[in-house]
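Student: The chain contents come next:
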Amino acid sequence: MSTSVFDYMPFLLGGIGVTLKITFAAIALAVPVAFILAFGRMSSWAVLRWPAGFVIETFRGTSAVVQLFWAFYVLPFFGINLSPMTAGIIVLGLNEGSYFSEVVRTSLKSIAVGQREAATALHLPRLYTFFRVVLPQALPVMVPPFGNSLVLMLKFTALVSLVTIQDLSFRAGLIATSIGTSGTIYGITLALYFIMALGLAAMIMVLERVVNRWAGKHTGDEAFFAPRKSAIPAWAFGR
Amino acid sequence: MNASFWDWSYAWSVLPSLLEGLKITVFATVIGSAIAVVFGLVLCMLRLARVPVVSQVVWFLVEFLRGTPFLVQLYFIFYVLPHYGILFSPLTTGVIALGIYGSARAAEFYRAALETIPTGQWEACLTLGLPIRHVWTGVIFPQMWPIAVPMLGNLVIAMFKDTAILSTITVLELVARAKDAGFQSFRYLEPLTMAGLLFWIVSYAAARGIRYLESRNAH
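Chains A and B, in that order, are what the protein sequence lines are. Its first residue numbered 1, the first sequence is counted upward by one per residue in the numbering used here. Its first residue numbered 1, the second sequence is counted upward by one per residue in the numbering used here.
Please note that a few of the clues may not be correct.
[Said to hold, decoys possible] Listed next, with one range per pair, are the computed distances between beta-carbon atoms:
#1 B:Arg216 to A:Pro51: 30 to 36 angstroms
#2 B:Gln56 to A:Thr86: 39 to 45 angstroms
#3 A:Gly216 to B:Phe183: 53 to 59 angstroms
#4 B:Phe141 to A:Gly17: 44 to 50 angstroms
#5 A:Pro125 to B:Tyr212: 40 to 46 angstroms
#6 B:Glu214 to A:Ala231: 18 to 24 angstroms
[Unchecked claim] Straight-line alpha carbon distances no greater than 30 angstroms define the calculated BS3-like cross-link-like pairs of lysine-lysine that follow:
#7 A:Lys109 to B:Lys161
#8 A:Lys21 to B:Lys161
#9 B:Lys161 to B:Lys23
#10 B:Lys179 to B:Lys161
#11 B:Lys23 to A:Lys109
#12 A:Lys217 to A:Lys229
#13 A:Lys229 to A:Lys155
#14 A:Lys155 to B:Lys23
#15 A:Lys109 to A:Lys229
#16 B:Lys179 to B:Lys23
#17 A:Lys229 to A:Lys21
#18 A:Lys109 to A:Lys217
#19 A:Lys155 to B:Lys179
#20 A:Lys21 to B:Lys179
None of these hints come from the bench; they were simulated from the model. Yeah, the Cβ is synthetic: ideal placement off N, Cα and C, and Gly gets one too.
Using the sequences and the accompanying hints, generate a full structural model.
Tutor: Okay, structure coming up:
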């Protein structure tokens with residue numbers, strides 16, 4: 001009996017765990033990196049501002065594939081031998097962290113100066129001001145772009161298959177070469193990624209609620225999946 | 001660590017090949033983003049037009065393309081097209097895949113740009129009794145472009161960096177050449193670093209250009 005696509009399903013599905021593991025590990029690295037880089041870039045000290053700017057520009061300006069290959073092929077040349085998994089997580093985390101640092105920076109900056117001045121006038125301690133005045137206003141602004149970053153990260157992790165990590169994409173490739181029906185396998189793989197992306201998007205909706213509640217923002221009793229009202233009228237398309 | 005930390009003569013010897021690869025990278029970016037800019041607007045309009053079935057299908061397609069990795073989409077297209085007797089060169093396949101993925105992303109940017117136009121603009125058109133065609137060409141599109149252009153510019157830069165993924169289907173672009181050079185000489189430092197630098201120079205220059213466009217639109 002010849003082997004069918006379904007014989008390989010357990011092996012393929014095993015890749016989901018690897019992919020999700022890398023996604024969460026890398027995003028867990030990206031968030032603190034983003035805050036550190038954002039603070040660095042907003043610092044009044046050039047010693048902090050310049051390195052932060054350098055890291056951000058380096059990771060944003062070059063391709064993630066190049067960064068991944070660099071960590072995989074060049075770092076051992078300097079005597080730094082990272083496992084593919086570690087290298088993948090660090091590169092993805094720093095890359096997305098650099099992008100997200102701009103979101104953090106603009107969100108923090110979007111808090112009106114008056115708020116900070118009022119805190120100073122009330123003689124609130126600096127840390128208190130940050131955690132009780134600035135952050136509750138900035139965090140709800142950051143959550144939707146964070147959701148974008150999370151889904152981006154999921155898609156990003158497919159790249160680690162290029163440095164021999166056995167994630168979903170890597171396994172799909174292995175199965176495709178061994179049984180030759182690549183269309184079906186890649187189709188299933190795409191569907192699996194899409195389902196994971198939907199799951200992450202749902203998680204973000206929950207997170208949005210939690211953060212808004214923490215920040216004391218009233219969200220009302222609107223339906224969970226309430227469609228956003230469009231500004232474009234129906235007659236614009238002749239109906 | 002060996003004495004020759006950075007080998008300049010080796011670096012110079014691989015540079016012509018890398019520049020040749022950069023040409024292919026830029027070519028793929030230009031054609032891919034041209035497809036994305038045009039086809040993205042078409043997808044956006046189809047999605048918004050509320051044509052039964054068509055709009056739902058387009059909506060699903062856009063979400064699906066945005067929710068899955070480009071790498072796997074590329075593999076899918078690369079291995080499925082020949083199955084139906086369509087034989088394109090890897091570069092053509094890559095550019096088409098890049099264009100399709102970019103279209104889905106561009107469609108969302110167009111939609112976001114359209115949504116920022118205040119309802120009052122539409123109401124004014126209705127009040128004046130403007131024909132629908134003129135509403136779009138005379139009122140809506142002229143206001144959409146200044147918002148959409150910087151977003152599309154960022155998309156082009158993102159696509160430029162995504163072209164590196166085409167190396168996986170044997171397109172000899174910048175990263176593939178850097179990796180090949182490293183593989184042949186067992187020295188990855190110079191080619192991969194230079195490939196990174198070339199990416200950085202082009203995308204930094206492009207980002208500067210977009211910022212200039214934005215500042216010009218602001219006035």
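Student: Failing hints, ascending?
Tutor: 11, 17
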